[in-house]
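Once you have looked at the hints, place chain B on chain A.
Going down the list, the sequences are from chains A and B. Add 71 to a position in the first sequence, counting from 1, and you land on the number used in the working numbering. Add 71 to a position in the second sequence, counting from 1, and you land on the number used in the working numbering.
Simulated from the structure, these hints should not be mistaken for lab results. Each residue gets a CB set at the ideal place from its N, CA and C atoms; glycine is no exception. One or more hints might be untrue.
[Said to hold, decoys possible] Facing chain B, a subset of chain A residues (Cβ under 8 Å, in silico):
hint, residue
1, V364
2, D366
3, I388
Protein chains: 2
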Amino acid sequence: MKTTKIAILGFGTVGSGVYTVLQQNSELIRHRQLLDLSVKRVLVRDLLHGRNLALAPMETFTTDYADILADGEISIVVECIGGVNPAKDYILRALQAGKTVVTANKEVLSKHWPDLERAAKETGAGLYFEASVGGGIPIIRALNDSMQANNISRVMGIINGTTNYILTKMTNEGRAYEEVLKEAQALGYAEADPSADVDGWDCVYKLSILASIAFHARVNIENIYREGISKVSAEDIAAAKELGYTIKLLAIGKKQDEKLLEVRVHPTMLPNSHPLSSVSGPFNAIFLTGNAVDDIMLYGRGAGMLPTASAVVSDVIVAAKTAKGAHPYMTFNNEFDAPQWLKNQKDWTSSYFLRMEVDDELGVLSKIAGVFAEYGVSVHSLMQKNENKANGSAELIFITDTARELSVQNALCALRALPCVREIKSVMRVEE
Amino acid sequence: MKTTKIAILGFGTVGSGVYTVLQQNSELIRHRQLLDLSVKRVLVRDLLHGRNLALAPMETFTTDYADILADGEISIVVECIGGVNPAKDYILRALQAGKTVVTANKEVLSKHWPDLERAAKETGAGLYFEASVGGGIPIIRALNDSMQANNISRVMGIINGTTNYILTKMTNEGRAYEEVLKEAQALGYAEADPSADVDGWDCVYKLSILASIAFHARVNIENIYREGISKVSAEDIAAAKELGYTIKLLAIGKKQDEKLLEVRVHPTMLPNSHPLSSVSGPFNAIFLTGNAVDDIMLYGRGAGMLPTASAVVSDVIVAAKTAKGAHPYMTFNNEFDAPQWLKNQKDWTSSYFLRMEVDDELGVLSKIAGVFAEYGVSVHSLMQKNENKANGSAELIFITDTARELSVQNALCALRALPCVREIKSVMRVEE
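This is chain A alone, in the form it adopts within the complex (with noise of 0.2 Å):
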């Protein structure tokens, strides 16, 4: 039986899930794996007025980082403060005093791998991070330790929960985004300050991670094209619906080739046949294609203290498991895999869809479809709908054939300058 000493820093809802699954699956844990885990130390900010102090003995809390950095027992330090700062600081000294860091800090890692692995390698450190992307879901071992002998060409993910909850509710209830956000704010299903999620940075965190793995290439957050949810609104979450699509916050990573990626964030219609398009409220999925595996789907919970936990405690496992400097590292600063370049937005194919209020007069799609035609887009479906008498007025929905976003960048351009052309209503990215 191997003795292991750990400790947590940050007490919240990460924190205090993982010393909860230490404390409650010891026993198992002890007898499966032959490991004896325990936290010996937790470091909060504050003593007196912390959540969840009674789960622990006093004796284990300090708000002192050196108690923990300076005691030899502890060989592993779990960082669940979230954010780059103190966390950042705090991962590298742990680090640099040879500690193994497993953290669930999506953020911090996504902003600052390469100081991080740099500092892990000079020490024989291990660095762990399966919570990071996918709450419990194990889609970091996954790609390393099962899919290593595919040539990953597709990666695309459900990983923020928060904005999959607001759009299933808008899909299910046909309500507007304004009013759902509330309700999830004042269900605590979304911050105060909801930006992080529905203006999509999370997913932006997270892809960078999931596409550096995937296609074992840095992918830096400045490279991640990012569009949030808010202005989805129920008409076209109602027009998708009429054509068979569910409206996904989809983080997207496709490689052209072996020196061609594109990574991005956006709302996405998807078909209602696709396996990711019923993943619905707080879960994730994340869906990939590798040239020996064909596609695959991993599911789970995305967030919550136990889930997320889980994924934190199996991290911890590996590390006891593991040898000082038997770890794994990614190795991203190589020639080989470094990208040329990030495949630029304009010159992305994808679907489109395109819903647009017109003049309701004879010939009106005549022009429209002249324009399309000009610019080399071709025209996939079309539903004419919500027929206004009262001001003259109708809305065509087109879903085209895959196109060049430059394309149909210059087609809408030049759609907005007909006079029969009232307002290009929504313009959206269509996945098979």
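Chain B in isolation, oriented as in the chain A frame:
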């Protein structure tokens, strides 16, 4: 760069797939894993008439297993023959020679696991079998390396592609079992003798492996209840559809408490909202519930040359990176883990779907409801259909609340004795 020499036993679909993936992705594996994996020998039965012989240089092939056993350079033997004989003997001899074995063979593993594991332990060789369940889906490694912090209470899987293909066709096209089976045989999706698939044997082998790992207790195939799909009728599927359910052949393992397991393979009705219900055609999926991670599902191709090879080669990579003596083993021979008994079918609790032909007369429903009440079976929903004026009969469909199987069986006996009940047409378990 570490060089590892491999032998492949059998060069049918799986064996040639493994060879293909090792060739096709060799550069990627060399670069990312720092491993040079090369296939030195391939064992075939016939050097003249074998399939796929053009794939590899002629000197690679041998018909004499002794050539491989005696070759000290070969450290990993990939068994792709299938079935028990001669695969079991070949695996044992490789392990006894200290060679690590990677296999996709669910039958030999489920029937002879303790013998194989004992032989592996004696020489410190590895025994890997990711491809034995779920084809390309990394379920074995997910359970062993990612779900270790969980006490798993339930496993449910669609783990046979042939039966899922047949049931999906029956569901989508309203056709009868015999007709769809014949078509599947003509297309090569089902064997000439389809018993291993349609009678549930393949699922039993896989569930034995899956449940043993999930519950960390040796589940023998003799302890698994088995019912195939041949009795599923187009009428059952139509009724399920009308009620919002889908019929799937599920492999189910449930832990009632630490000493009480139930393990069963049978056609099952799932509500359409369940993620498993939309797993269609040749796809497989495994749905797990753990006390930390909650619900999680892994989805992908359950068979096929390259998806299976993806799993086999991932094992080869892990095995090649693991030092002799450091390979992981299961610990089944452990008192703590041995379930005292596997729950008897009579003690199962489930919801049930019952379809029966009755006299179309006043008072019949009341008599039937009286029998259910007598045996403590509560009715969740009822549907009457197919009134047949000519013979004075009607069809009744019940879905019960959760009840003991024994109570339901007793109630069915009593119902059969009622003169107004002409025939019990089907009894199917329902999972929520």
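Please verify that hint: D366(A), Cβ, nearest Cβ of chain B, below 8 Å or not. holds (7 Å)
Let's test the interface hint: is any C-beta of chain B closer than 8 Å to that of I388(A)? holds (5 Å)
With a cut-off of 8 Å, does the beta carbon of V364(A) approach a beta carbon of chain B closely enough for the hint to hold? holds (4 Å)
Checked against the numbered hints given earlier, the structure satisfies every one of them.
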